[in-house]
Amino acid sequence: MKISRRNFLKGSATTLFLAGFNFPVLANTDKKKNLVVIMLRGGMDGLCAVPIIGDKNFEKRRKDLILDETIKLNSDFALHPRLKNFHNLWQNDLGAIVHATNIPYTKRSHFDGQNLMETGGHIPYSIKTGWLGRGMKLAELKGDGLALALPMPLLLRGIPSNDNFYPSKKRLPRTELLQLLKSVYADKSEHDLANMMEIIANRSMMNNGGTSMSRKNSSLAHKAGLELKKINGPRVAVFEVDGFDTHAAQGGVNGSHSDSLIEMDSIFKSLEKGLGSEIENTLVLTLTEFGRTIKQNGGRGTEHGYGSAIFMAGGLLKKSQVYTDWPGLKRKELFEGRDLNSTIDARSVYASAMSSVFDIDFKRVQKEVFWGDKVVNLSDKLFKV
Amino acid sequence: MKNFYRKVAFGLGPDDKTPSDPLIWATNQLNDIPEFSWKGKILPEKELRNYYRDYVYGDRKVLRKKFKNDKEGYKREKNKLRHATGQKFWWNLELCIRYSEALKSETPVLAKLWYFWGNHFAISEKDFLAQYTTGAYQREIIRANMNQNFEKMAQQATIGWSMIHHLDNEQNIGPKSQEAKWAREKGKIKGVNENHARELLELHTVSPDCGYTQEDVIQMAYIMSGWRPKWGKKRLETGDVHFNPDAHEPGTKIVLGKKYKRGRKSLSVAITDLVNHPSCRKFIAMKLCRYLITDNPTEEMMEPIIKAWEKSDGFLPEVHKAAIEVAFNYSDKYNKFQNPENWLLQMSKMADVDLIPSPSFMDLYQLGNKPIKDQRALERLMDELGQHPYLAKQPNGWSDISEDWMSPELLIRRLVYAREAYYKKSGKSQTTEFYEEMIEKNYDNPSEILQIINQYKELVHKHVILFNLPETLKS
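Chains as they are written, first to last, in my numbering: chain W, 319 to 703; chain R, 4 to 478.
For the record, the hints were derived by calculation from the structure and aren't laboratory data. Source: prediction; values computed, not measured. A hint or two may mislead.
[To be verified] Partner residues are not named here, just some residues of chain R that face chain W (Cβ under 8 angstroms, in silico):
hint, residue
1, Lys-71
2, Glu-80
3, Lys-83
4, Asp-171
5, Tyr-337
6, Lys-396
7, Ile-415
[To be verified] Here chain R is said to cover these stretches of chain W; the calculated rule only asks that three of the stretch's residues, wherever they fall, bring their Cβ under 8 angstroms from a Cβ of chain R:
hint, stretch
8, 367–373
9, 433–446
10, 485–499
11, 565–576
12, 688–700
Every residue, glycine too, gets a C-beta built ideally from N, C-alpha and C.
Given these sequences and hints, build the entire structure.
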């Protein structure tokens, strides 16, 4: 074990001191900045994706799940070997990780946890809007959201007129028919319907003659990248990746947890491809409901845990780093004696990201999106501000 | 006025005569609960729950251990287990039963209200409840009580296995209960889980408008502690719900100012009090108006429904009749954007779309086999339309606010599935005359509609436009 909690805090005393002189973020309107959130459903195992190096406590507890040939990120952490695209980003200062973090939810229900990861609240189902939707509302980004999903995720609720894209396998009717409907909607003063039909008609022109669009996340991400790149395109995109709930056969490099991580990795790659140079003005973040137990279970899988990790990508990152206040993995350092603890409220990362990308004062995000909860401004540590 | 047939039901089909008195036509459907119109197999909830038990036990206790090093083997055997327990079939059968009530029964108005209550006491997406038991719960607990008082439905839904499991009440253990004491002796902490109690107050009965506090929620959870499935080694969490006094919080509880003694009876007494609270009837009246009439119901709309409730002690047929009458009175003034399921059923009814596989075809299914593609058509279609009725994302069910159903992708689905549906029609309904008659019967502005759709020659295009006109999307 090379770093301990105490060492970390000593090293970061200066930054904590400087944080007291946080100036409000000034509006920067000369370029369009994008925020992408990838929801990882089922409980992403931060210790499988970003394992700690040389920790006996870790190796002892998951003998059969330790990965071979991990990619070393720094002296303390490695990367899952199948996350090749993320590693490329990392090497170009376009990839970073926040570790030992989670939303403030310590019970272990997917059902409640996924609700809270999207609402950002404390009590399951008590909030009916998503933190991202509320942040967009604060930044007045009506009509700027794109969900690569059907129906609209709770995460984006809170601001109307978001677009969604999750292509049907069936062909759209011909464009003239869509135009006819649009003019009927307009004649009958059905403005919302008319606006939507406009979007659909444009989409149909784009697809005509083309091959049918795939619903694979890699394909959706390419499409989203192209849209985000447009100066008048959406500024926010949301993805979903399922399958992280690996109670059994989680396996090593080729196990079932890897399959879902690879899908996430494919989103990074396709987004980058679609965005081109606009990756520079984009920030991608992941979100999950909880991490997984350190100890493997009887089925060589893992159970629901607490602390996990956040993957971040894009040119709005300050640098490649594993940002963490590492709690340690000794029994007494674990949450309830079994899970990686969370020392950073994941919502601090999301609040800072919205503040940086949407150019709104952190305190306003804190107050209006997260009800004045004790989220911390990490903008200057994680992002270019 | 003709949108009334679509507002409270699914429009008039080719074999339906235009009723001489629409209101009587509608309210006459609400007195009794007829047999299901589905003529194929209908399985009891208990039997379906046993299949669910076999699935969770087989997966959790057998396969996970047996295939711990073999991802592919685990996937393969788990698939076999899915088929051995009918996981891909039962919910399709339930959808057939459900949609027969809208399309083939004499009581489509009752069906539309059945969907309302199923969504009010929603079992949202959790584990594999949708695949095994949610449909049966909606038949045996929701529909079966639609000719009873609201209280009876609320009592039964609350202690129904689906609801108890769905809202985690099995984890709700009184912190001073015997079980919590035993846990403490072993160094473990067991305590209250408020989920179910909160939803009982917020979603099922009085709503936040009644002004309950967090303390009321906790006290309600204490009252509910101990109600859970009877645990068994092989049954796991799928046993019948019973009251286990060892997990029940001792002492007196106070909810909304009223005291409740410890014990089994307190939950039923508390539910009686909740359903009789003025906020409860107001909340239900508002929701009925929101479902049938408009996103923003007015006090005047709700009032007759509340009165009917007070007069009949929450007798649902009377409450329903009042709601239908209000919908009738406002049918010219308000149009409600229909959710995807109601939209699909309207189209199927009016245009004679062969939506539901036949009972004999569904009954060909044999346990252990993978269902044939067409036996799974409904599940896939509902997923594509964005509203599988057993897969609401949250315990508050699918939204009945228009805005939540307005997104480009959801509208695209209506365009492409209107077209698909056209090809599922019988030849005799693929004629211009059929459409003219249907439009005459179901819309107040038939000539205007005909003028719009006649801009296209081919019938399939007319069909797609008709079912995406504002007159159809809203009713």
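Against the structure, the hints come out as follows:
Annotation: interface hint on R/Lys-71 holds; nearest CB of chain W at approximately 4 angstroms, less than 8 angstroms. Because the beta carbon of R/Glu-80 sits about 11 angstroms from the nearest beta carbon in chain W, more than 8 angstroms, this interface hint is broken. Taken as an interface hint, R/Lys-83 does not check out: its beta carbon lies about 15 angstroms from the nearest beta carbon of chain W, beyond 8 angstroms. The restraint placing R/Asp-171 at the interface with chain W holds, with a minimum CB-CB distance near 7 angstroms, inside the 8 angstroms limit.
For R/Tyr-337, the interface hint is violated, since its Cβ never comes within 8 angstroms of a Cβ in chain W; the closest pair sits about 15 angstroms apart. For R/Lys-396, the suggested interface contact is upheld, since its CB lies about 7 angstroms from the closest CB of chain W, less than 8 angstroms. A hinted interface residue such as R/Ile-415 counts as satisfied when its beta carbon comes closer than 8 angstroms to some beta carbon of chain W; here the least separation is about 6 angstroms, so the hint holds. Given a C-beta distance limit of less than 8 angstroms, the hint that chain R covers the stretch 367–373 of chain W is violated, as 0 residues qualify and 3 are needed.
Residues of the stretch 433–446 of chain W lying with their CB closer than 8 angstroms to a CB of chain R number 6, which satisfies the three-residue condition for coverage. For the stretch 485–499 of chain W, the assignment as covered by chain R holds, since 9 residues bring a beta-carbon within under 8 angstroms of that chain's beta-carbons and 3 suffice. Here's how the stretch 565–576 of chain W fares: 7 of its residues keep a CB closer than 8 angstroms to some CB of chain R, so the rule of at least three is met and the hint holds. Taking a C-beta to C-beta cut-off of 8 angstroms, the stretch 688–700 of chain W contributes 0 residues in contact with chain R, too few for the three needed, and the coverage statement is violated.
When each numbered hint is compared with the structure, violations occur for hints 2, 3, 5, 8 and 12.
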